[in-house]
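Number of protein chains: 2
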Amino acid sequence: MEEQIDLVGKAFADHYYHLFDNDRPALSSLYKPSSMLIFEGHKIQGVEDITAKLTSLPFDQCRHVISTIDSQPSFSGGIVVFISGSLQLPGEEHHLRFSQMFHLIPMLEGNFYVQNDIFRLNYG
Amino acid sequence: MEEQIDLVGKAFADHYYHLFDNDRPALSSLYKPSSMLIFEGHKIQGVEDITAKLTSLPFDQCRHVISTIDSQPSFSGGIVVFISGSLQLPGEEHHLRFSQMFHLIPMLEGNFYVQNDIFRLNYG
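As they're listed, the protein sequences go chains A and B. Mapping of the first sequence onto this note's numbering: position 20 corresponds to residue 20, and the numbering continues sequentially without gaps. Mapping of the second sequence onto this note's numbering: position 111 corresponds to residue 111, and the numbering continues sequentially without gaps.
Hints are computed from structural coordinates only; laboratory data are not their basis. Here the structure is a predicted model, which is why all the values come from computation and not from measurement.
Each pair may be met inside one copy or between any two copies, as identical chains are not told apart.
DSS-like cross-link-like pairs, simulated, lysine-lysine; straight-line CA separation at most 30 Å:
id	residue 1	residue 2
1	Lys10	Lys32
2	Lys53	Lys10
3	Lys32	Lys53
4	Lys43	Lys10
When you get a sec, could you build the whole thing from the sequences and use the hints?
If you want it as structure tokens, here you go:
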């Protein structure tokens, strides 16, 4: 069970950041109307507004490098995933450290969607 | 509702780190047998083992300084709280940056306990 949780968390993180870095509009497939995002303190709700936010960030290209992924089962069969890593932007010499947490809720067929998403850059 | 969630998150964070810095064994009051902690990648479950871990860290005195608190309602009436800040240890010139997330679950009388707790230091 514990290993399965870790595998789901890792698979989700790989999938999420792959989409973010290569096909950002496709992230909409991971959210639902009830989903909530707090991005650097800005609160956004619902798949449409979340997708609009993520696709209008002030950089087109980026690359996420994951440092750590911690996953735990949550109530109602969900999973909380806590990720730390760095964000590389074109033309920027220094990487931006970030932390992000997701609360994944199960859907049919073994899939999960993102109910809670909180993102913060880590200023040193 | 949104403001209430933020108030609960802030009150919890203030309470948690006040206990951590001044009366660490009392943190046991915030966990239950089902609670889970991942501390720097180490998985611990249950109020007894979590309390044993937190009270046996290799420093007696510390001070948490909170930088950001982000809170969202979760399913089943819970709250997810995501905190960033710095940890000051005696004799250490540099502060340690950290990120931590909690999933709080409501109990009777308007109180919450910690079901999920994930802590990571942020290495720059």
